[in-house]
Each structure stands twice: as C-alpha cells, then as structure tokens.
Amino acid sequence: MTRPGEDAVGGVIDVAEAVRGGARSALEVAEACIAGIRAGDPALHSFLYVDEEGALAAAAAVDAARAAGEALGPLAGVPIGVKDNLCTAGVPTTCASKILEGYRPPYDAHVIERLRDAGAVIVGKTNLDEFAMGSSNENSAFGPVHNPWALDRAPGGSSGGSAAAVAGRLVSAALGSDTGGSVRQPGAFCGVTAIKPTYGRVSRYGLIAFASSLDQVGPLARSVRDCARLLEVLSGYDPRDATSAVRPVGQYERACERDVRKLRVGVVRDELEQVQDPDVRARVDDAIAALESAGADVVEVTLPTARYGLSMYYLIAPAEASSNLARFDGMRYGLRVAGADLTATYERTRAAGFGPEVKRRIMLGTYALSAGYYDAFYLKAQKVRTLLRRDFAAAFARCDVVLSPTTPTPAFKLGDKSGDPLQMYLADIFTLPAALAGLPAISTPAGLSAAGLPVGVQLTAPAFEEERLFTASRAVEDALWRDAPAPAFAAPRGDRSAVSSAAGAPSR
Amino acid sequence: MTADEVRKVARLARLDLGPDEVERMTADLGAILAHMAELDAVDVAGVEPTFHAVPLDAPLREDRVAPSLDRERALAAAPRVEAGAFAVPKVLEADS
Amino acid sequence: MVSSYEAVIGLEVHAQLHTKSKLFCGCATAYGAPPNAHVCPVCLGLPGALPVPNAEAIALAVRAGLALGCDVATSSRFARKNYFYPDLAKGYQISQFELPLNARGALEVELPSGTKRIGITRIHVEEDAAKNLHGVGAGTDTLVDFNRAGTPLIEIVSEPDLRSAEEAEAYLRKLRDILMFTGVNDGNLEEGSFRCDANVSIRPAGDETLGTRTEIKNVNSFRFVRMAIEHEIARQQAVVEAGGEVVQETRTWSESHHKTRSMRTKEDAHDYRYFPDPDLPPLVVAQARIDAIGAALPELPDAKRTRWRAELGLTEYDAQVLSAHPAVARYFDEVASALCAQAGGAARDEVGKRAANFVQAEILGHVEQAGLDARFPVPAAALAELLRLVERDVINGKIAKRVLSEMIESGEGAEAIVEREGLAQVTDAGAIEAAVRAAIDAHPAQVAQYRAGKTAVLGFFVGQVMKATRGAANPKQVNALLRELLGEP
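Chains Y, H and L supply the protein sequences, listed in that same order. Using the working numbering, the letters of the first sequence correspond one by one to residues 1 to 508. Using the working numbering, the letters of the second sequence correspond one by one to residues 1001 to 1096. Using the working numbering, the letters of the third sequence correspond one by one to residues 2001 to 2489.
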C-alpha cells in the first residue's frame, strides 16, 4: 500500500494487527508517531497539542495488557489525533480559539472514552477552523494548517488538522467533526476517507457544539476499511446525549467486504453538469464508471431543493451557534477581559476572544433569531429543510446511494478565498445537503487532479445505512485508489530516541 | 442590514465591535443576506419546519443522584474565585 | 380609597419540582449545601455538555397540570431563552415557549364574597438559574453559586383574572396547598422553592382594555405579596391621578421600606430569541401515561376538607388546620379511618370531631415538619388505639392525655399502659353512685345553690367526684347521676 520508508506509523488495521500479533509494540508505534510529528508537523501545523506523556502511558498500558494475556480492543496501540473541539480531560481543548486558550476540560467526551476503551493511543489535539467554522483551516487563532500534498494549499476545513495529519502519515487516523462538510471536504482535499455518520449515530457529549442539529463526530483515515473500524468503535447510544440514537450499530468493517452488484447509485445530472473543474468532473466520472464495472446500476435522481443548501445552512447553523457560543462569556472559564462593568466585560471578552469568522456567524445567527426576523429567516430555512428531506426520501425510493463530487474543486491555495466569506462558503455546496438532512455521507479519494492533488467523491445514504456507504466506497477505492498514493510531503522518520519514555518526561 | 442594526445585534450578542468592524460586518452580512433572499422564491405553504432531521427516541433520565464534580475541579478554570464561588463583575440585583 | 379604578393582577409562580436530581443532569437538588458542591459539566454549562431531561420532573409537572385542570400536551417542546447574566450558565435558559406541557387550567378560590374561578394560562417546565450573592468583604464582585442552577421548575402563569391583593393571596395559598398535596412542591417560601412575581396594572372601572403593567419581583412571603400589590396599586393610582402615565418596568419589593422600587429601567428590550432547543427531542408523554398520573392523583385539599366536613363532622376551621400540611392531613386521615372502622355504634361524625380535637390539642404541638414530610410523636395507628379506648369509655379524655405522654416517652402502646397502671375508668354504677352521694352529702351549700338555679355548680360536684376517684370515674355517668340525684333546679 504505502511505499516503505515513508510511513513510520501505519494504518489503523495494520497497526492493530501488528500490535495484537506482537510484531510491533504499542510503545514503539507511539514513539515513532511522536518523533514523526516533531519532525514533520512544523511544516503542516496540524497539531495544536501533543500529549506525549498521555500517549506513551496509554501505549505502555496496551503492551502490559498484551503481556498479561488480556484481550486487546480493536484499536489497541493505534495512534489517533483528535480534533481540538473534542473534550479531553486534563488536556488543553481550545477549539483553536483565543477564548479557550489553555482551557483543560474536567471530563472526556464520549467518543474519547470509546477510543480509550478500544485501546487507542490518543497522541494529541489537531488544529481546526475556530469553533469548527470554516472550510480551509485558515480561521484558526493559532495559525493555519498546510496541505501535505502542496504546502501552499489549504487542507480544507474545519477538520483541516485531522485531515492533514492523516494524509501526512503523522498518525494512523484522526477524529474530526462535521456540521456542513467539515470532515468530508478536508478528507477530499487531503486524499483520505472521511465519513459524517447519520445524525445521532455518534454521541455529541463532549463535542464542543457549533450547530447542535447538524454536528456529528466523524473519523478520517487512510483507507475505507480503517474508517469503518473507527466508526464502529465510536457509534452507539449514549444516555448523556438526548439526541443519541437508540439503535444497534451496523457492521461497518464487514460491509467493506460486500460487493456492489445491483447497488443502485443515484446521480444528480444537473449538479454534475454544473461542476466546472475538469479534474473533478473527470474523477467523478471515473467513480461512476468504477461502480458500474463492479456491477452497480446508475440511475438519475433529482434533489431540486439542494441548490438552496447554502442559504439554509448559513441561517440554521449560525443561529444555533450564536446560542451555543453564548456560554463563552468570561465568567466561569476561558478568557476574561475586564471591562468597566458586567456588560463591558462580556463585550470586551468576546470581542478579544473570537476571530472574525466566528463573530460574523454569531452576528448572522443572532440576527436570524431576533424578533421580527425569526419567521422570515430561521423558521423559513427550517421549512425548506423539510423539502430537502423529502427530496432525499424520493431519491432513495429509486436508488440506494447518491453519488456526487465532494467539493467543486481540489484544494485551493491558502489565502485564495479568505477575502470573501461567501466564496469560502461555496466550497461546501455538495456537502451541505446531507448534513441538513441528517443523512450519513462519506468522501473517498477517486484519484488525483492533473496537478497531482486529490479529488474526492461523495456517497450519501438513507439514515443509519452507513454499511452501504462503506461497501460502495471500498469499491471506488479498489478501482481508483488501490495504491493509496502518498503526498509529496512524506513524514520524515524523525528520531525515536529523542522521544522520552513514559517514565516521566514532561509533554510539550 | 444597516450599520445601526449591526450595532444593535452586536449589543444583543455582547460583542464589542470597533467602527471598522461595524463597517466590514455591515458589508459582509449584507452580501450574505442578499444571497439568502433566494429562499423567498421557495413555497413552504403547509410545510412543517425540521427541528430534528432524524426522529429521536432516546428515553428520559431516571431521577437518580449521580456524583457531582468536586468543587476544586469545577472552579479550576474560573478566572476568579472567592469563597468557593465564581467571582464575577457586580450585578445590581443579587439574591442575598 | 375611592376606586374609579380597577386593579388587574396576574401572577407568575415558579415552583421547584420535588425531585432528587436536577432537571437535565444528575446533580442533587438539596438545599443549603456549600457553594458549588452540587455541580457538573451540564449545570455549569461547560463546553460540550448536553442536557437530558429528568423523567420524574416531567411526571410531577404533568401531575401539577392535571391537579390544576389543564390540558396536558402529549407532545411539547423545550425552547432556549437567550440572554446574558452571570447566573445563567449557558447564556440561555432551557424553558418552554410555543408548545408548553400544560395549558388552559383554572383554580377556584374561596373568598368572603364567594368562590371565584381564576384561569391558568399555562404551566411549563424550565430550569432554575444559579444564585447571585453579594460579595463579602471589600470586594465589589458578585459571587455565583451554581447549586441551584438546573433545578427543575414549573412556571405557573395565571390569567389576569385577579382584582385585589386579597384575591392574589388567596390564589397563592390555594396553589401552594395543591402543589404540596400532590407532592409536586414542598411549599417552602423562605428557601425559595415557591416564588411569586406579580403583574399589576390599573384601568378605569368598567374598561375592557388592559393598562400598562409593572412586574413586581422578589416577594418571598404571602404577607409581603399582599402588601406589595396593595402598595403598587395605590402607587399607580397616584401616578395616574397626578396626570402621569404608568411606566412598564420591573419593580422590586423592599422589605425594610415596605414599598416597591424600580429596578434598572435602562435595559435593552428583552429579545430572548426563543427557538426550539436542538439538543432535546420533542417532549412526548403518552396519553395513557397522562391518564395514569391523573388516576393516581391524591385527594386534593378542597375535596379532603369537604369530605371531612360531611363524613367526619369537622368544622371548616378544624378542616383547615388539619389540612395545612399534607403529612398532617395524611396522619389525621389514617387516625380517623382506623377509628371509624371500629366506631361500632357511635356516629362517624362524632368520632371524627373528637379525633380532630384531640389531634389539634395534643399532637400538632409536637409535630416536626421537614419539607413535605413530618415527624409525629406517635404513629397514627398508635394514636388510633388510644382514641379507641376513649371512644369505648375505657378512659376519659384527661387520662388519655396522661397516657399519651407516656406513649411518647416510652414508645409503649396505649392499651398496655392503661392495663399496667390500672387507669381504666371506673364505670361500676355502684362505685360511682357511692362517690356521687358522698360528694352531695359533703356539700349541702352547693346543693342548695344548684337547686336555686345556679346550674354551673354541677361542675363543682363533678370535680369533687373526680378527685375522690382519682380522675377515673366515667364523666358521663357522673354527670347523669348527679343530675338525677340533685334533681331539677
């Protein structure tokens, strides 16, 4: 799969098997990972915090368990990066915002608990667009992330750090979060497989909220099978999240072994015809052809309301966000900038703590909910959302999955779009509909552009039908990404001996 | 959106915007809202809003006391603490 | 006060639901703990925390709605009420707005002028805010204690049907009674578990439109509610009569000055930007469940008092006293039904009346109330046993008091004590006659007085007989025999 010498860490299943079988120790993997991050991340800036002490301790615990003959979890020894909007107890969690700089939560997010229970080694917190608002990771208060495929290009966002770290072979896999495409779009820009599960499939407890009715935690990994294993570990009912689905978890890894014969793949012809980028059109055509060769049937479907996705999303998400971010007020945690009185303290704290995109969305959301505008904006958008759900229901009466590009173009250059918010928002047009409809959607690489940049293709399924997403995307991967090309940037091996052992050195 | 409306919304959202910011915000939000006008064309007569895209069926919680955070941890991130409580700028009406 | 004006009053009551844990998290709701002892990521509004509703809180809210005659919605919604304040951890309160759990109820209030029906607009569920405390010492800070944050509340909003402070007080007392009797709320005004805000306006008598209203907050006793409303009505009248206009504002009641005072008038109009809380599914309560809760509603205070008056012969006064607290009412009910079950020939209403008198006179003084519960000096069954002995004329009332004291001290049963100490009444006709004759013979002067018409002297003879028999003579027999032997006056 990957060229030897370029990948000191390895993929999820590869590492898990190697550790289970004893070919590698978890500690060795963790040390290699941290060394690689130290050497390679300065160019990418995909990590905001590396928890060396925690990682080495977790790795040592896996090795000890194995030595004691205990059963190992499905992710035992696998080094994972976690987006910095997921709470990790005692470890800085900043949402890439000044308002939470240095904040250490007193509890773990539900998905973090699941990772730990599965034996995963959480190596650190990855960079993101501030409060998950953005499509390029240029909105981080602590500096942008660079796409390992071309360092002058954006990795996508908001889970840019997670995508870059996985693509750059710094970790086996990473967790991101997806509200309007924030896992799928950077997945596409960075050539990794990324899935946004059905709303409610994965618990949001401990995910710092952006838009509560849209947010979902999603894994990013180098291969479809790796992604499937991760999602299986993360999924399931959590009584601490009232929007969590009480429903058995599918067998996603197993689904990767099924074939796509007779699978009906829906394609929205209008949508495809509007794609102007020739590389994207070509790779999507490749994917359609690949599925057809493998036995799938292609049918035409329509999603007439999808064209309003941007308008719906940029009314609903900021409205919910404006409310979710009200708690960042300098009273109980985070940044406080003192003012002359209470009101001034609120205003100055939030002005100093939030970046421009966050402020823009808070303003937009506050306005959309305010007296006199609620009906015309927020409520209207929610009604159009119902029409979109009906569109999908009608489409799924005729197909099993809907295929589309993930993004209108491959990764754009850093700085290209940061002048015009609307231009940036347009990067999400293909990913917004599934989020608005609460449906599961996966992005998987379908090849490279002429310039050597990855192009992703997206598959959407009905609620809780993630299994068929893995089946179909594995077929695409087999045909178009079998050799899993690596970016030009290859994580240097780094010096493992410089990594302190678990027995007592301070972490960065 | 006018600059005045921007200032009002900023006050509602407790955001201190400088005059430059107000100007930029007025332009940015104006452009975004102009795009949203496309929703006016959509007929939603008789359509219920989607507050939850997927049916939710999680049960309610049993009335049982669960351990709380110990106070030290609860206060650990507070900018100011006094007498075991969060110290905040004075409010005009307090309970006691 | 010449009233060419009519006062229009609406009341908003916030009552804490009597649950063990908070509305959206498992922290304890106990009162009086050290600050921030009962907090967690959810009620502190830490980033990433999520609310999960308490099933018992919802059940109690349904119970309250049914007890107050409301329509209970099988599907209602939680909504966010957004504003900034230090006692509001998330920057929004989770409440209910467009679709409340209960609506369209009513409360019948007994007034000297008759019964009046006060409409209840809605009863919805919401979480309580934290407590702001003035800083101690030289600090100018406010201190926030989140123990109370997240406590489940119902907000009970009345229609503006009240017309006087007196009516308002009657409404509040009745409301509190009902909530206590249904186990929904412990009625503790001092601890703040039952809080009231009043909306007051005036209008020319006969007018249909509503005048500008002010909201009075921070009144924590029924007496003060009444005073505050009376004061505010007078204040508004004075303003209008002087040619001014009532300003819509929030006013607070000053206990020390006995008047209402304006709170900040300079505040941005409250735009709460209500929207359905996306973190919470629709609140679904099946009709079958609502019906089950309704069927299990305990007897409400009104019905109880009516029954006591009809079946047990209690006076209205007795009934009020014994139903002031649900645990006391339950206790009396237990005692009365145990007695009446064995009443034998005696009429229930006489038995009931006697039991009521005894409980009021001898038991209530020793009851320790604790929230919705109470501790009694002796269990109801034991008291019933004692009173049964009185009903059977085994002992008289005075002896019964003695026996009770011993029961309280030793925990022994009444029968055992009477037996052991030989306290059974003397009912032997011969012994009583002997004592009566002896008393009559010993006091000829009083005999003469009695026969001359001073019938009160009978009491003297009764006393003499009791003294001679060490209180053990059956007073009824003594009385009857005395009258017989003394003859007509």
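Hints listed in this document are in silico derivations from the structure and should not be mistaken for laboratory results. Careful: at least some of the hints might be erroneous.
Some chain Y residues judged to face chain L by a derived CB distance under 8 angstroms, without partners named [what the hints assert, rightly or not]:
#  : residue
1  : R104
2  : S212
3  : G236
4  : Y237
5  : R240
6  : A242
7  : V246
8  : R247
9  : R327
10 : D341
11 : A344
12 : S370
13 : L422
14 : Q423
15 : Y425
Source: prediction; values computed, not measured. Using N, Cα and C, we set each Cβ at its ideal position, and we do this for glycine too.
Results for each hint:
{"no.": "1", "hint": "R104", "result": "violated (11 angstroms)"}
{"no.": "2", "hint": "S212", "result": "holds (4 angstroms)"}
{"no.": "3", "hint": "G236", "result": "violated (16 angstroms)"}
{"no.": "4", "hint": "Y237", "result": "violated (12 angstroms)"}
{"no.": "5", "hint": "R240", "result": "holds (6 angstroms)"}
{"no.": "6", "hint": "A242", "result": "holds (5 angstroms)"}
{"no.": "7", "hint": "V246", "result": "violated (11 angstroms)"}
{"no.": "8", "hint": "R247", "result": "violated (14 angstroms)"}
{"no.": "9", "hint": "R327", "result": "holds (5 angstroms)"}
{"no.": "10", "hint": "D341", "result": "violated (10 angstroms)"}
{"no.": "11", "hint": "A344", "result": "violated (12 angstroms)"}
{"no.": "12", "hint": "S370", "result": "holds (6 angstroms)"}
{"no.": "13", "hint": "L422", "result": "violated (24 angstroms)"}
{"no.": "14", "hint": "Q423", "result": "violated (28 angstroms)"}
{"no.": "15", "hint": "Y425", "result": "violated (21 angstroms)"}
Going through the hint list in order, the structure does not satisfy hints 1, 3, 4, 7, 8, 10, 11, 13, 14, 15.
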